[in-house]
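Turn these sequences into a full structure, and let the hints guide you.
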Amino acid sequence: MDRRTAIRNLALVIGGAALLPACTKQNPIVNYKHFDINIDQQTLISDMAETIIPKTNTPGATDLNLYSFIVKMLDDCAKKEDQQAFFKGMGEFNELPQKLFNKSFADCSNKERESVLNTFEKKNNYSKDMLAFYNTVKGLTVFGYTESKYFMTKQVVYELVPGRYNAYFPVKNLKAGVKNG
Amino acid sequence: MANLNIDSVKERTFDAIVIGSGMSGGWAAKELTGKGLKTLMLERGRDVKHIKDYPTTNMYPWEFAHRGELTEDIKEKSPIVSRCYAFREDAMHFFVKDDEHPYIQDKPFDWIRGYQVGGKSLLWARQTQRWSDFDFEGPARDGFAVDWPIRYKDIAPWYSYVEKFAGIAGNKDGIAELPDGEFLPAFPLNAVEDYFSNHVKQAYKNRHVISARCAHLSKPEPIHFEQGRVKCQNRILCQRGCPFGGYFSANASTIPWALKSGHLTLRPFSVVQSIIYDENKGKATGVRIVDTNTKETIEYYARIIFVNAAALNTNLVLLNSTSHRFPNGLGNDSGVLGKYVAFHNYSAHISAEYDGLKEWTTDGRNPAGGGYIPRFRNVYKQETDFLRGYASGFSAYRGSKHEQHDIGSGFKESLAKRELGPWRVGSHMMGETIPKESNFVSLDPVKKDAWGVPQLKISVDYDDNDEKMKKDYLEQLKEMFTTAGFTNIKPESNHAAPGLDIHEMGGARMGNDPKTSILNKWNQVHSCNNVFVTDGASMTSTSCQNPSLTYMALTARAADYAVKEMQKGNI
Numbered sequence: 037m038d039r040r041t042a043i044r045n046l047a048l049v050i051g052g053a054a055l056l057p058a059c060t061k062q063n064p065i066v067n068y069k070h071f072d073i074n075i076d077q078q079t080l081i082s083d084m085a086e087t088i089i090p091k092t093n094t095p096g097a098t099d100l101n102l103y104s105f106i107v108k109m110l111d112d113c114a115k116k117e118d119q120q121a122f123f124k125g126m127g128e129f130n131e132l133p134q135k136l137f138n139k140s141f142a143d144c145s146n147k148e149r150e151s152v153l154n155t156f157e158k159k160n161n162y163s164k165d166m167l168a169f170y171n172t173v174k175g176l177t178v179f180g181y182t183e184s185k186y187f188m189t190k191q192v193v194y195e196l197v198p199g200r201y202n203a204y205f206p207v208k209n210l211k212a213g214v215k216n217g
Numbered sequence: 013m014a015n016l017n018i019d020s021v022k023e024r025t026f027d028a029i030v031i032g033s034g035m036s037g038g039w040a041a042k043e044l045t046g047k048g049l050k051t052l053m054l055e056r057g058r059d060v061k062h063i064k065d066y067p068t069t070n071m072y073p074w075e076f077a078h079r080g081e082l083t084e085d086i087k088e089k090s091p092i093v094s095r096c097y098a099f100r101e102d103a104m105h106f107f108v109k110d111d112e113h114p115y116i117q118d119k120p121f122d123w124i125r126g127y128q129v130g131g132k133s134l135l136w137a138r139q140t141q142r143w144s145d146f147d148f149e150g151p152a153r154d155g156f157a158v159d160w161p162i163r164y165k166d167i168a169p170w171y172s173y174v175e176k177f178a179g180i181a182g183n184k185d186g187i188a189e190l191p192d193g194e195f196l197p198a199f200p201l202n203a204v205e206d207y208f209s210n211h212v213k214q215a216y217k218n219r220h221v222i223s224a225r226c227a228h229l230s231k232p233e234p235i236h237f238e239q240g241r242v243k244c245q246n247r248i249l250c251q252r253g254c255p256f257g258g259y260f261s262a263n264a265s266t267i268p269w270a271l272k273s274g275h276l277t278l279r280p281f282s283v284v285q286s287i288i289y290d291e292n293k294g295k296a297t298g299v300r301i302v303d304t305n306t307k308e309t310i311e312y313y314a315r316i317i318f319v320n321a322a323a324l325n326t327n328l329v330l331l332n333s334t335s336h337r338f339p340n341g342l343g344n345d346s347g348v349l350g351k352y353v354a355f356h357n358y359s360a361h362i363s364a365e366y367d368g369l370k371e372w373t374t375d376g377r378n379p380a381g382g383g384y385i386p387r388f389r390n391v392y393k394q395e396t397d398f399l400r401g402y403a404s405g406f407s408a409y410r411g412s413k414h415e416q417h418d419i420g421s422g423f424k425e426s427l428a429k430r431e432l433g434p435w436r437v438g439s440h441m442m443g444e445t446i447p448k449e450s451n452f453v454s455l456d457p458v459k460k461d462a463w464g465v466p467q468l469k470i471s472v473d474y475d476d477n478d479e480k481m482k483k484d485y486l487e488q489l490k491e492m493f494t495t496a497g498f499t500n501i502k503p504e505s506n507h508a509a510p511g512l513d514i515h516e517m518g519g520a521r522m523g524n525d526p527k528t529s530i531l532n533k534w535n536q537v538h539s540c541n542n543v544f545v546t547d548g549a550s551m552t553s554t555s556c557q558n559p560s561l562t563y564m565a566l567t568a569r570a571a572d573y574a575v576k577e578m579q580k581g582n583i
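Residue numbers (the numbering used here), protein chains in the order written: chain Y, 37 to 217; chain R, 13 to 583.
Be aware that one or more of the hints could be misleading.
Said to hold, decoys possible - Facing chain R, a subset of chain Y residues (Cβ under 7 Å, in silico):
#, residue
1, I65
2, P90
3, C113
4, K115
5, E157
6, N160
7, N202
8, A203
Unchecked claim - Derived PhoX-like pairs (lysine-lysine); straight-line CA-CA distance at most 25 Å:
#, chain 1, residue 1, chain 2, residue 2
9, R, K429, Y, K158
10, R, K87, R, K469
11, Y, K116, R, K89
12, Y, K208, R, K429
Claimed, not checked - Some chain R residues flagged as far from chain Y (calculated, every beta-carbon gap over 10 Å):
#, residue
13, G46
14, K64
15, E149
16, N183
17, K424
18, H440
19, G464
By construction, these hints were calculated from the structure, which means they are not laboratory data.
Here the structure is a predicted model, which means the values were calculated and not measured.
Don't be surprised by glycine CBs; every beta carbon is placed ideally from N, CA and C.
And the structure:
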């Protein structure tokens, strides 16, 4: 059990009602410029990001702290109505794992989490807010991952100075891992 | 005089004053100091020293808090400048925010400005094409504006002169309507750009797709090394300022050159209120500024004055320079000052895909941006129901492909794989607009800016000709794309206000007749012969080339003339 799960479980045990959106000592709130986020919401976003970009033999969303990036972008770069849709959609989202697996997303196994999120990747009839919530988390997770220092130095190498332009470059000569402009 | 006890008149007297430090002001300073004139360059914003003042130039993408994106706070506070393609997290500091210098939009106009030493020359898109007589003869042939007082032969040597110094990459394409210049090696077209170029050549007799000509040092010459500039490194992060001096900017090129002469005094934080006109001498004697740090009003004096404040601000300075002799603005006997403002119509683009040539891609980056299609409409004769025509950008690239609708470890891996998608192609329109009396700028009678200068009121709009031309652009490009075998063709028209093209021109136009123009063929104010205007304000018509190269050439030509006239005692 990692530290995060331990804290969350502790909160569940002590609080007994961690799904309530109220601020309790067991569900502390972090204040951002345009909204507050409690630890359950933080956990949900982190778990979703980790499900989208999981740790494999390379770092995943949690290792790269994509949660902080997602929330910063949501706080600084999203319109007020999009932030509202995000939190409204998040509330609706919470019902989905309950309906599918009779438990919270936090309590789902990795496989169950994947199947919850995969319902968004297929045809569905989810509400606009729920789609906005999911698409924001996914979009920012992928954006944060592909623009992370790790990804841009170890996976697809970003070159500040290529010093070249080969207008005709044979595809067969492409090397994996080098970004060609 | 508020400033009598600050320094002596002598210390505030120069041979020449240049108002503005951007694309054309930098050239004025370089030329005038090069001819030995003690020159004062006034810049309303702060100093930006080459390399030292490019704070983001070596930053990696992940070092930007928002990875390049604008925050909602900035967009809400500055909606106008936020619409500019180059106003992003890495170069925001080089743009004027909306609240920093308000203006009045009689009609919607996105006025994009760069108030610092170097002005917008730090930020420009670096595309450089010469005009030909098909452009200079346009107004006379097609019956609009007034006849240009110059022809290609008058400016051709000056194009050569500035091109050699600035460094222009391009091919000698041998196209009459887009004369060749003094070129460094071009950045080549890629496989699909070449394919399209060949297709167009075969399908149409007078249409060409060429390598875009641009102010980048593809292969620097000794004159560029002498400026401290080296080869372009293909970073395409130009808007941050280039530590290599790989593209031409006043900061990397003309200003340090002028400073090296020992004849230049550069004064940032100096907002010009007006040009001082001496009724007895019948000429301008200097410039009145406000020091934006001390709020003092100070006068500077000189024998000649070059106005290079950027097109609309040049109009503002002239309109605000009133005297008994010129109650409606300096040199404005004709009443046309501020009028006949025009711009470039950038409000259409078209994109598509190409399914062939999949064995090719590109490696590195192309600072020229790809291809350029010179104007092919109404060149040799009038052939459409609209006047003039458009140039077009054209570029092709291969995007990467990964599964969009997926999550998890397989999806994660696919992000790092270099799976190439089909070639994507795109073009954007750069249309000539017709200068009209009804497109004008004026001074607001009441509202002033923080320095006591009246706010500029901008009343500029598209017209029917622009709509017809846009329709034609989309039809023609669609046809060219279709016959080339491109698929998924998407013509798109946007409703951007004028201004976002950042090619506003006119208001103090050149012409033969003082009754209908402000400047003569030497960019000299008809009725005040020691004042020269050599930026975008001087343009009689806009044609459809990117204008900066022409401003540079006009400036060098006018400076040469001004100094000769001074030597003859005529000024």
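Hint check:
1. Checking I65 of chain Y against chain R by beta carbon gives a least distance of about 22 Å; that is not within 7 Å, so the hint is violated.
2. Checking P90 of chain Y against chain R by beta carbon gives a least distance of about 6 Å; that is within 7 Å, so the hint holds.
3. Because the smallest distance between the Cβ of C113 of chain Y and any Cβ of chain R comes to about 5 Å, under 7 Å, the interface hint for this residue holds.
4. Hint status for K115 of chain Y: holds, given a least beta-carbon distance of 6 Å to chain R, under 7 Å.
5. Among the interface hints, the one on E157 of chain Y holds; its C-beta lies about 4 Å from the nearest C-beta in chain R, closer than the 7 Å criterion.
6. Interface hint status for N160 of chain Y: violated, as the beta-carbon distance to the closest one in chain R is roughly 11 Å, over 7 Å.
7. The interface hint given for N202 of chain Y holds, since its Cβ lies 4 Å from the closest Cβ of chain R, which is under the 7 Å cut-off.
8. Below 7 Å, beta-carbon pairs count as interface contacts, and A203 of chain Y has one with chain R at about 4 Å; its hint therefore holds.
9. For the given pair, K429 of chain R sits about 23 Å from K158 of chain Y by alpha-carbon distance, which is consistent with the 25 Å threshold.
10. Restraint check: the Cα-Cα separation between K87 of chain R and K469 of chain R comes to about 23 Å, which is no more than 25 Å; the hinted pair holds.
11. Restraint check: the Cα-Cα separation between K116 of chain Y and K89 of chain R comes to about 14 Å, which is no more than 25 Å; the hinted pair holds.
12. Annotation: proposed proximity of K208 of chain Y to K429 of chain R holds, straight-line Cα distance about 14 Å (limit 25 Å).
13. The beta carbon of G46 of chain R sits about 32 Å from the closest Cβ of chain Y, which is more than 10 Å, so the claim that it is off the interface holds.
14. At roughly 19 Å from the closest C-beta of chain Y, the C-beta of K64 of chain R stays outside 10 Å, upholding its exclusion from the interface.
15. Its beta-carbon lying about 36 Å from the closest one in chain Y, E149 of chain R satisfies the requirement of being farther than 10 Å from that chain.
16. Separation of N183 of chain R from chain Y is adequate, the least Cβ-Cβ distance of about 13 Å exceeding the 10 Å criterion.
17. Taking the minimum C-beta to C-beta distance to chain Y, about 5 Å, the non-interface status of K424 of chain R is violated against the 10 Å cut.
18. For H440 of chain R, the requirement that its beta carbon stay farther than 10 Å from each beta carbon of chain Y is met, with the minimum near 20 Å.
19. No beta-carbon of chain Y is positioned within 10 Å of the beta-carbon of G464 of chain R; the least distance is around 36 Å.
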